[in-house]
Amino acid sequence: MKNNTSEFLKIGIFLFVLGLLFSQAGIKGEAKEKTFTVGFDAEFPPYGYADPDREGEYIGFDLDLAEEVCKRAGWTLVKQPIDWDSKDMELNTGSIDCIWNGFTINGREDKYTWSKAYIDNSQVVIVKKGSGIKKLSDLAGKVVAVQADSSALAAFTGEDASEENLALCESFSDLQEVGDYNSAFLNLDSGAVDAICMDIGVASYQVKNRGGDFEILEERVSSEQYGIGFKKGNTKLRDQVQGYLDDMLEDGSFARIAEKWGLSDAACLGKEGTDAAYLLDQDGAGKPSQKKKGLGFFLSVVKQLSKGMLASVSIFVLTLLFALPLGLLICMVRMSKIGIFRWIARIYISIMRGTPLMLQLLVVFFGPYYAFGIATSANFRFWAVIIGFTLNYAAYFAEIYRSGIQGVPKGQREAAFILGYSRLQTFWKIIFPQMVRRVIPPITNEVITLVKDTSLAFAIAYAEMFTLAKRVAAANASIVPLFVAGLFYYIFNFVIAMAIEKVEEK
Amino acid sequence: MSKAILEVKNMKKSYGDLAVLKDISFQVKEGDVCVILGPSGSGKSTTLRLATMLEQMDDGSLIYEGKVACESKQGKAIYRGKQELKKVQETYGLVFQNFNLFPHYTVLKNVMDAPVSVLKREKKEAEKEARELLAKVGLEDKCDAYPDQLSGGQKQRVAIARALAMHPKILFFDEPTSALDPEITAGVLKILRDLAKEKMAMVIVTHEIAFARKVADHVIFMDGGVIVEEGRPEDVIDHSNNQRTRSFLKKLEEA
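Residue numbers (the working numbering), protein chains in the order written: chain A, 1079 to 1584; chain B, 91 to 345.
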């Protein structure tokens, strides 16, 4: 623990201590009962995923193993689904005891204290049947999806990626990072990507369960092994868990569980060459990972995030550019004299305000394919974000405008009528300027919310600021990128607030 | 005989089942100052709103300087087309009870914008005239002020200047003294008298008898949606034979 705290900035230390306090409190509160909290990505069948038959329950090969370990140790198992990008923070703050979730050792040997490898896994490529892609070299010029911070991504871009894989990745038109496998398959199905690269265990499970539309290429991208990742230096807990696993291998319960989940072929616990990572950390001999602190690191993080900042600013600017006038148009329709128009606008606004923006983004992006069979291109991603945001914010703006217009006293219209202004003149010269004044405060609120909402673009895997920050944070096992992201949002909003104040003075 | 600027014939108006105006007819002649008196709920405000076309009457006719705004046909008021009504509208102006100045325009722009935007007058010429009108109502130094920087009396004078800038033949005033202090009322009175001297026809809706007596050539007393009495102020106010007029006047004097 001491080793790690030194990596963090002051804020990091504060949060860390806070996490520590909470974890201590948790243990004290439980009295004698010891809990064992397993962190896992809840969308990673068959290793750990939400039970389709029982709401709120999680099942999987890894969770069964963990259950068995806890039974033997007399611990209470806590299954904690985590956001994969935040797994290091979860582990470092002690909110989970280990990452046990088809967790690839290769390339991460130094970042965690590892159990022995128990599953041998390889990265394979899934394509749509009849796509004409037969071998890895056919992927040249194609868009390939991988899960963010997955071993497939590491196989292509990680520090230990092989020359062949780097070259292969170079040949793709784009390597698209997606949040989870579900959206990866949505992307593949809709044609937004041409192939997905993932672990073979997951791949065979997914291909089997999604009907016959997909196939796995025979040629493999890489071979790798799964282990249980513990916080660097936590050999005590690791050794305890490993002891129980060894017992389970001995008495055949490991093999039984592997068979239950159809992973007998992949199971490799106890086989030769499975303990290389395990042997790195013996009795606290784990060496601290690279130091990451100081202004240099801070600046490098800012540089890494700058692309995301630009993306967030573009979403923000374009959304306002389109949503502010569109909102006015919707407001006009909403206040139209023709009843049917009024109702259409009303229903539109009610749907836009009554459903999550994230869902709307998914519909805009995947809708064209599922509704009309129009294949989605990769650069539609950005425009889908803009369209989704614009449609959503225009609905909010429309209602704000409407209340602004209704707030202008009736006498203003009457005075304009008596003076002979036309309807159009009355609106643009008399009503509109007064409405603008009235709506500035509520519009300001929406605009500030928009700055923060830009992070929702991650829903369709558009790499804006926050998505990138989480990725960089995970890659560096540091909270600094999140801190930088927070600072960015704050400064951004501060500038916006200042600008609006200037407008309001006029 | 001078000609009629405004003719209202058999005007009727109901809100739902409630008949607010039951057959109102009157005329206002050139240079005439007509005061409509009456208790609240008597229909005098509705009369003003219908005469200025802020609302439409159910039945009856409305004619300005011989230009027809609406005519009664088979028990219904039939209004003319938009273009014709626009022409009719240029005949009259209205000073609202709460003035309804445009808060986002300066005093000068409040007065000159409609002549430029609606009557398509030359901007320079309109500004020159607006400044003259504001000088006439004693506000030449407030040209660049915004309405919320003015007192009630000042706002009213801007509203009068704004109406005059459109060169109306007849000017309506809705309760011109209700939002003002008594001493300011004297100022308004002077402006109205000056306008009367210039032969501006005026229709003033009020419930202030003293004010009516000072300014009116012609008083219409309304109650319950009908014209109860009509005539010279001294006849209607001071020597009324009508029971309703007298009880209303008595109540006001007691108050």
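These are computed hints drawn from the structure, not numbers from a lab.
One or more hints might be untrue.
[To be verified] In silico lysine to aspartate or glutamate, EDC-like type, Cα no more than 20 angstroms apart, as pairs:
#, chain 1, residue 1, chain 2, residue 2
1, A, Lys1507, B, Asp264
2, A, Lys1507, B, Glu288
3, A, Lys1488, B, Asp325
4, A, Lys1488, B, Glu265
5, B, Lys218, B, Asp238
6, B, Lys199, A, Glu1248
7, A, Lys1584, B, Asp148
8, B, Lys210, B, Glu265
9, A, Lys1488, B, Asp264
10, A, Lys1584, B, Asp234
11, A, Lys1415, B, Glu174
12, A, Lys1507, B, Glu212
13, A, Lys1157, A, Glu1242
14, A, Lys1213, A, Glu1241
15, A, Lys1189, A, Glu1146
16, A, Lys1112, A, Asp1161
17, A, Lys1212, A, Glu1242
18, B, Lys341, B, Glu324
19, A, Lys1286, A, Glu1248
20, B, Lys176, A, Glu1492
21, B, Lys259, B, Asp234
22, A, Lys1507, A, Glu1524
23, B, Lys99, B, Asp148
24, B, Lys93, B, Asp231
25, B, Lys102, B, Glu273
26, B, Lys232, B, Glu217
27, A, Lys1507, B, Asp148
28, A, Lys1189, A, Asp1317
29, B, Lys172, A, Glu1492
30, A, Lys1488, B, Asp238
31, A, Lys1220, A, Asp1198
32, A, Lys1338, A, Asp1198
33, B, Lys287, B, Asp271
34, B, Lys177, A, Asp1161
35, A, Lys1415, A, Asp1353
36, B, Lys214, B, Asp238
37, A, Lys1220, A, Glu1146
38, B, Lys259, B, Glu97
39, A, Lys1189, A, Asp1353
Each hint tested on the structure:
1. A:Lys1507 with B:Asp264: Outside the cut-off at roughly 25 angstroms; violated.
2. A:Lys1507 with B:Glu288: violated, 32 angstroms
3. A:Lys1488 with B:Asp325: violated, 38 angstroms
4. A:Lys1488 with B:Glu265: Holds: Lys1488 (chain A) and Glu265 (chain B) sit about 18 angstroms apart, inside 20 angstroms.
5. B:Lys218 with B:Asp238: violated, 23 angstroms
6. B:Lys199 with A:Glu1248: The given pair, whose Cα atoms are some 66 angstroms apart, is violated under the 20 angstroms limit.
7. A:Lys1584 with B:Asp148: violated, 45 angstroms
8. B:Lys210 with B:Glu265: Judged against 20 angstroms, a Cα distance of about 31 angstroms means the pair is violated.
9. A:Lys1488 with B:Asp264: holds, 16 angstroms
10. A:Lys1584 with B:Asp234: Satisfied, since the Cα-Cα distance of roughly 15 angstroms is no more than 20 angstroms.
11. A:Lys1415 with B:Glu174: violated, 23 angstroms
12. A:Lys1507 with B:Glu212: With a Cα-Cα distance of about 18 angstroms, the restraint between Lys1507 (chain A) and Glu212 (chain B) holds, given a limit of 20 angstroms.
13. A:Lys1157 with A:Glu1242: The given pair, whose Cα atoms are some 38 angstroms apart, is violated under the 20 angstroms limit.
14. A:Lys1213 with A:Glu1241: Holds: Lys1213 (chain A) and Glu1241 (chain A) sit about 17 angstroms apart, inside 20 angstroms.
15. A:Lys1189 with A:Glu1146: This hinted pair is violated, its Cα atoms lying about 26 angstroms apart.
16. A:Lys1112 with A:Asp1161: violated, 24 angstroms
17. A:Lys1212 with A:Glu1242: Within the cut-off at roughly 17 angstroms; holds.
18. B:Lys341 with B:Glu324: holds, 18 angstroms
19. A:Lys1286 with A:Glu1248: violated, 30 angstroms
20. B:Lys176 with A:Glu1492: Given pair Lys176 (chain B), Glu1492 (chain A) holds - Cα atoms ~14 angstroms apart, limit 20 angstroms.
21. B:Lys259 with B:Asp234: violated, 28 angstroms
22. A:Lys1507 with A:Glu1524: Not OK: Lys1507 (chain A) and Glu1524 (chain A) at ~25 angstroms, beyond 20 angstroms, violated.
23. B:Lys99 with B:Asp148: Holds - the C-alpha atoms of Asp148 (chain B) and Lys99 (chain B) are around 12 angstroms apart, at most 20 angstroms.
24. B:Lys93 with B:Asp231: The hint is violated at about 38 angstroms.
25. B:Lys102 with B:Glu273: violated, 37 angstroms
26. B:Lys232 with B:Glu217: Distance of about 14 angstroms is within 20 angstroms: holds.
27. A:Lys1507 with B:Asp148: Measuring from Cα to Cα gives roughly 32 angstroms; hence the hint is violated.
28. A:Lys1189 with A:Asp1317: holds, 17 angstroms
29. B:Lys172 with A:Glu1492: holds, 16 angstroms
30. A:Lys1488 with B:Asp238: With a Cα-Cα distance of about 18 angstroms, the restraint between Lys1488 (chain A) and Asp238 (chain B) holds, given a limit of 20 angstroms.
31. A:Lys1220 with A:Asp1198: violated, 28 angstroms
32. A:Lys1338 with A:Asp1198: Satisfied, since the Cα-Cα distance of roughly 17 angstroms is no more than 20 angstroms.
33. B:Lys287 with B:Asp271: The given pair, whose Cα atoms are some 25 angstroms apart, is violated under the 20 angstroms limit.
34. B:Lys177 with A:Asp1161: With a Cα-Cα distance of about 70 angstroms, the restraint between Lys177 (chain B) and Asp1161 (chain A) is violated, given a limit of 20 angstroms.
35. A:Lys1415 with A:Asp1353: violated, 76 angstroms
36. B:Lys214 with B:Asp238: violated, 26 angstroms
37. A:Lys1220 with A:Glu1146: violated, 43 angstroms
38. B:Lys259 with B:Glu97: holds, 13 angstroms
39. A:Lys1189 with A:Asp1353: OK: Lys1189 (chain A) and Asp1353 (chain A) at ~16 angstroms, within 20 angstroms.
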